[in-house]
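Chains as they are written, first to last, in my numbering: chain Y, 1 to 289; chain E, 1 to 289; chain A, 1 to 289; chain S, 1 to 289.
Since the list gives no way to pick one copy over another, a pair counts as held whenever it fits inside one copy or between any two copies.
Result set (DMTMM-like, lysine to aspartate or glutamate): computed pairs, CA atoms no more than 25 Å apart in a straight line: (1) 236 with 190; (2) 109 with 83; (3) 39 with 73; (4) 109 with 53; (5) 39 with 53; (6) 109 with 81; (7) 236 with 201; (8) 39 with 149; (9) 39 with 126; (10) 236 with 249.
Quick caveat, the hints were computed from the structure, so don't treat them as lab data.
4 protein chains.
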Amino acid sequence: MTTIGFVGLGIMGSPMAAHLAAAGHTVRGYDRSAPAVEKLVAAGGIAAANTAEAVRGAEVVITMLPADEQVREVGGEVIAEAEPGLLLIDMSTVRPDTATWLAESAHRKGIRVLDAPVSGGQAGAERAALSIMVGGSAADFTAARGLFEVLGATIVHVGPTGSGQVVKAANQLVVGGILGLVSEAIVLLEATGVDPVAGLDVLAGGLAANRVLDLKRAAMIARQFQPGFRIDLHHKDMGIALAAARQAEVALPLTALVAQLVAAARAMGHGGLDHSALLTVVEALSGRS
Amino acid sequence: MTTIGFVGLGIMGSPMAAHLAAAGHTVRGYDRSAPAVEKLVAAGGIAAANTAEAVRGAEVVITMLPADEQVREVGGEVIAEAEPGLLLIDMSTVRPDTATWLAESAHRKGIRVLDAPVSGGQAGAERAALSIMVGGSAADFTAARGLFEVLGATIVHVGPTGSGQVVKAANQLVVGGILGLVSEAIVLLEATGVDPVAGLDVLAGGLAANRVLDLKRAAMIARQFQPGFRIDLHHKDMGIALAAARQAEVALPLTALVAQLVAAARAMGHGGLDHSALLTVVEALSGRS
Amino acid sequence: MTTIGFVGLGIMGSPMAAHLAAAGHTVRGYDRSAPAVEKLVAAGGIAAANTAEAVRGAEVVITMLPADEQVREVGGEVIAEAEPGLLLIDMSTVRPDTATWLAESAHRKGIRVLDAPVSGGQAGAERAALSIMVGGSAADFTAARGLFEVLGATIVHVGPTGSGQVVKAANQLVVGGILGLVSEAIVLLEATGVDPVAGLDVLAGGLAANRVLDLKRAAMIARQFQPGFRIDLHHKDMGIALAAARQAEVALPLTALVAQLVAAARAMGHGGLDHSALLTVVEALSGRS
Amino acid sequence: MTTIGFVGLGIMGSPMAAHLAAAGHTVRGYDRSAPAVEKLVAAGGIAAANTAEAVRGAEVVITMLPADEQVREVGGEVIAEAEPGLLLIDMSTVRPDTATWLAESAHRKGIRVLDAPVSGGQAGAERAALSIMVGGSAADFTAARGLFEVLGATIVHVGPTGSGQVVKAANQLVVGGILGLVSEAIVLLEATGVDPVAGLDVLAGGLAANRVLDLKRAAMIARQFQPGFRIDLHHKDMGIALAAARQAEVALPLTALVAQLVAAARAMGHGGLDHSALLTVVEALSGRS
Numbered sequence: 001m002t003t004i005g006f007v008g009l010g011i012m013g014s015p016m017a018a019h020l021a022a023a024g025h026t027v028r029g030y031d032r033s034a035p036a037v038e039k040l041v042a043a044g045g046i047a048a049a050n051t052a053e054a055v056r057g058a059e060v061v062i063t064m065l066p067a068d069e070q071v072r073e074v075g076g077e078v079i080a081e082a083e084p085g086l087l088l089i090d091m092s093t094v095r096p097d098t099a100t101w102l103a104e105s106a107h108r109k110g111i112r113v114l115d116a117p118v119s120g121g122q123a124g125a126e127r128a129a130l131s132i133m134v135g136g137s138a139a140d141f142t143a144a145r146g147l148f149e150v151l152g153a154t155i156v157h158v159g160p161t162g163s164g165q166v167v168k169a170a171n172q173l174v175v176g177g178i179l180g181l182v183s184e185a186i187v188l189l190e191a192t193g194v195d196p197v198a199g200l201d202v203l204a205g206g207l208a209a210n211r212v213l214d215l216k217r218a219a220m221i222a223r224q225f226q227p228g229f230r231i232d233l234h235h236k237d238m239g240i241a242l243a244a245a246r247q248a249e250v251a252l253p254l255t256a257l258v259a260q261l262v263a264a265a266r267a268m269g270h271g272g273l274d275h276s277a278l279l280t281v282v283e284a285l286s287g288r289s
Numbered sequence: 001m002t003t004i005g006f007v008g009l010g011i012m013g014s015p016m017a018a019h020l021a022a023a024g025h026t027v028r029g030y031d032r033s034a035p036a037v038e039k040l041v042a043a044g045g046i047a048a049a050n051t052a053e054a055v056r057g058a059e060v061v062i063t064m065l066p067a068d069e070q071v072r073e074v075g076g077e078v079i080a081e082a083e084p085g086l087l088l089i090d091m092s093t094v095r096p097d098t099a100t101w102l103a104e105s106a107h108r109k110g111i112r113v114l115d116a117p118v119s120g121g122q123a124g125a126e127r128a129a130l131s132i133m134v135g136g137s138a139a140d141f142t143a144a145r146g147l148f149e150v151l152g153a154t155i156v157h158v159g160p161t162g163s164g165q166v167v168k169a170a171n172q173l174v175v176g177g178i179l180g181l182v183s184e185a186i187v188l189l190e191a192t193g194v195d196p197v198a199g200l201d202v203l204a205g206g207l208a209a210n211r212v213l214d215l216k217r218a219a220m221i222a223r224q225f226q227p228g229f230r231i232d233l234h235h236k237d238m239g240i241a242l243a244a245a246r247q248a249e250v251a252l253p254l255t256a257l258v259a260q261l262v263a264a265a266r267a268m269g270h271g272g273l274d275h276s277a278l279l280t281v282v283e284a285l286s287g288r289s
Numbered sequence: 001m002t003t004i005g006f007v008g009l010g011i012m013g014s015p016m017a018a019h020l021a022a023a024g025h026t027v028r029g030y031d032r033s034a035p036a037v038e039k040l041v042a043a044g045g046i047a048a049a050n051t052a053e054a055v056r057g058a059e060v061v062i063t064m065l066p067a068d069e070q071v072r073e074v075g076g077e078v079i080a081e082a083e084p085g086l087l088l089i090d091m092s093t094v095r096p097d098t099a100t101w102l103a104e105s106a107h108r109k110g111i112r113v114l115d116a117p118v119s120g121g122q123a124g125a126e127r128a129a130l131s132i133m134v135g136g137s138a139a140d141f142t143a144a145r146g147l148f149e150v151l152g153a154t155i156v157h158v159g160p161t162g163s164g165q166v167v168k169a170a171n172q173l174v175v176g177g178i179l180g181l182v183s184e185a186i187v188l189l190e191a192t193g194v195d196p197v198a199g200l201d202v203l204a205g206g207l208a209a210n211r212v213l214d215l216k217r218a219a220m221i222a223r224q225f226q227p228g229f230r231i232d233l234h235h236k237d238m239g240i241a242l243a244a245a246r247q248a249e250v251a252l253p254l255t256a257l258v259a260q261l262v263a264a265a266r267a268m269g270h271g272g273l274d275h276s277a278l279l280t281v282v283e284a285l286s287g288r289s
Numbered sequence: 001m002t003t004i005g006f007v008g009l010g011i012m013g014s015p016m017a018a019h020l021a022a023a024g025h026t027v028r029g030y031d032r033s034a035p036a037v038e039k040l041v042a043a044g045g046i047a048a049a050n051t052a053e054a055v056r057g058a059e060v061v062i063t064m065l066p067a068d069e070q071v072r073e074v075g076g077e078v079i080a081e082a083e084p085g086l087l088l089i090d091m092s093t094v095r096p097d098t099a100t101w102l103a104e105s106a107h108r109k110g111i112r113v114l115d116a117p118v119s120g121g122q123a124g125a126e127r128a129a130l131s132i133m134v135g136g137s138a139a140d141f142t143a144a145r146g147l148f149e150v151l152g153a154t155i156v157h158v159g160p161t162g163s164g165q166v167v168k169a170a171n172q173l174v175v176g177g178i179l180g181l182v183s184e185a186i187v188l189l190e191a192t193g194v195d196p197v198a199g200l201d202v203l204a205g206g207l208a209a210n211r212v213l214d215l216k217r218a219a220m221i222a223r224q225f226q227p228g229f230r231i232d233l234h235h236k237d238m239g240i241a242l243a244a245a246r247q248a249e250v251a252l253p254l255t256a257l258v259a260q261l262v263a264a265a266r267a268m269g270h271g272g273l274d275h276s277a278l279l280t281v282v283e284a285l286s287g288r289s
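Turn these sequences into a full structure, and let the hints guide you.
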């Protein structure tokens, strides 16, 4: 069993920390929100008063934070506090250059780091069915695998530091793009008087088949956009994808256009809806909203 | 058993007509290419010297032609020659307004019409595993169903005249778009030093999962672009999708951009490669070709 | 002085034909609308009962028609009726392949053809200040120059048959694109609390300077979108630009995206407004409408 | 006469500082590059050994630095060193949120701040003909105006803190977009056999007229891409424009696509060429390179 410091007990972090505690690990958790910490205690964890206290005595520290800014701030605190040998696993979704910065800062103090963002959302976290994309050394991945298996169903070591974040970015650009394409297909079908249910059934049976169609087409046709994964979060993730492209010096025209459609959904006031609400943007552009 | 006139015995039409003959139907076929007609005869069909001869005495006429221009020309000949009550099934991929024109022209003479484009390509035609998207009346669809079942695996009546073409257009815009998105993901992964095999494996396990990934990711990573479905044909289909959008008075920004990427693949000399060669365009844009 | 048949006496053709009559030419005009023909008679022209009558005895026939379909139909009638040696000048804005078809059809009967689309709109037609882009032979251009000088201020022979239409397409894609870019600049300025008047004044003083800014920025900031040149017409012209690109086998990504924004303006119900109403699309996408 | 600290004596800063010294101001300059400082001394300025020394005793500090990172670093040093009442003018091109951060940090110490990015490039700096876009308070703008007049020809106070950077971003998105549109026009003209010189002459005479056409069309047609303003710098500026849009919560689809075309030019190895080399990207996409 491992002594784990866990910082960031939000919608994702809370069930993840609880799963680790339930698996028998010692989980000392901290979050700015006191009720979040109390919830972990109720689930068998230990309350920490701040990041430093969560780090002290831990073999592994896991961070699950909203964005780059928090990872730089909390990551800095962890590194300042930690003893050499600690394994720091950042499971937040951030820019690859933030992952690189974190790893370089940590390595100077003898601290090991993995970037391990996840996909699968709140439901995946609660059901311990996340996909986990891990960047860092093979040795550190091996050391962490047992913990990852408590949290997720698909666990892949994809490459060196930052690779986890790049794969997450690639995932989100493909998901966002497919949502946009399915939205355009629905608008075209409906505008020409074709039953979208029958039309998308055909698409789902051929080369156009995809999981977005499988899981979301009925809700999209019914305009039911309860999240799921919110537009606000996908907007953040498209920003990361474009930042990763800029850093990698590649040009991704579809990704760039998808990012603007997601930004439009948010600007139109749909940031709190499921990302399938991209459909509302194509509708607005087609005068059908 | 049905007496069928079949006009257009190319890569797709040839195996389709042969399947119908093998199923016991009387198939009288015509193509401008004499060897194509001989091939049908060898498969149990009957040679027609021209379109008129294929039409004469037929209960059903099937056309499988390259593009709108040929459908208007041959369709006009069929209508001129046919007796009232004939069922004309155009299985070519053309613009919805061509399907509408064909149906309106035919109805004036008491001829029934279905638009029934297919997806699945040469392999699907040869294995009788096509997806067939049918527009027209329910009665005509019912009458034709037995023939469709000889040719395809997924057979859906999607709506009134033109609906088959609209669904085919929707299918092709989604397929083209996903090929573009997967291409952008591959370029991003490779440019950042992430193993694309491992990276795409993760994508294929989550919400980004799609059939293009399943069937084509290994070949794309290996840059093996033997067709399959050629860029030239997808370029034609993206033109149809945009024409359908214009007719429907909707705006489809992703479709429009995908169409330019496909046009670029063709302009760069890759028209004869599989449509997954969209990857070469993203590579060129990223200075990686 | 020249005997001219003039077919198409709409918003553009009416003042053009009147200028030619006022310059002393014999102008025999036809339009489907009887009042349009009467208006020409009042301006000194002669009424023709149909296209054939306008063509008979003419040295030059000018057509000024809404779109490709009418040019093919009326052009066919002119060619059928005309004597060898006639000079047919199509001043409509159509696809380059329509211009090529018209010229090839005419040449077979010994009829000379120029494609000579214009820019400058209704105001330019009324003030005889049009820009005229002419495709065809140098000899035919020289023969027609005197007539063009009655109608326009900028008259350029840009190349062989179809070249006039290509230059018009290039003009419209640049104008549409600049309208879109200025719209995005206005939305960015306003959303950040910057006075758009002051901001655009700076742009108009540097490398970003352009005639759209000069002529339209005040009206755009005030949301005054009386035409001017209507979105409906620009939508038609963007379709021509993309058709020209497809025929030329080039990829024009910005043009394709601009075409969708123009299509969106139309779909949103703004087809009758000035093309600067592209601003409303960017506003809608930014949740600011 | 004013005592000025000037930090950042590169291609832009060097002639600017020299102009201020020549106008009789006391200019104490610092740059990491010793020769740059010596050049200022030769032009009548005074050498500073570091930022702190440039700040000491100054009434006004001007910074002219490459990017956000340096502005945050040097700006922090200036604020740490300065006495209340100092006027800090950042003339670098950076993100609006960096301008906001700088102003807020400075205001807490009683230091006044203007953001005052410029356009006009090296030539504009050398000829004291820059356009200067100023954000900040009216009083501070008035205080600085005399200095700006030594450096530029167009000087506009566009709004509160950050506004200068937003206007610069708007300028660069319009310039980049027009370069892309003119590139697409050239490729379309050339691919259809139309003389681009004659074609663009027509465009320059109508509503498509713009300064990019006036200044750069001959060089673009001749494929002469000596800078001028480098692709590398425009790539940085498009990143700022998109960051500004994200911060402002607006969606700018054309800007996003232009940014990818500029990124492509850079990825293709043309970062050191003039930004009109965007033409090479459209050529590559059209198979004409």
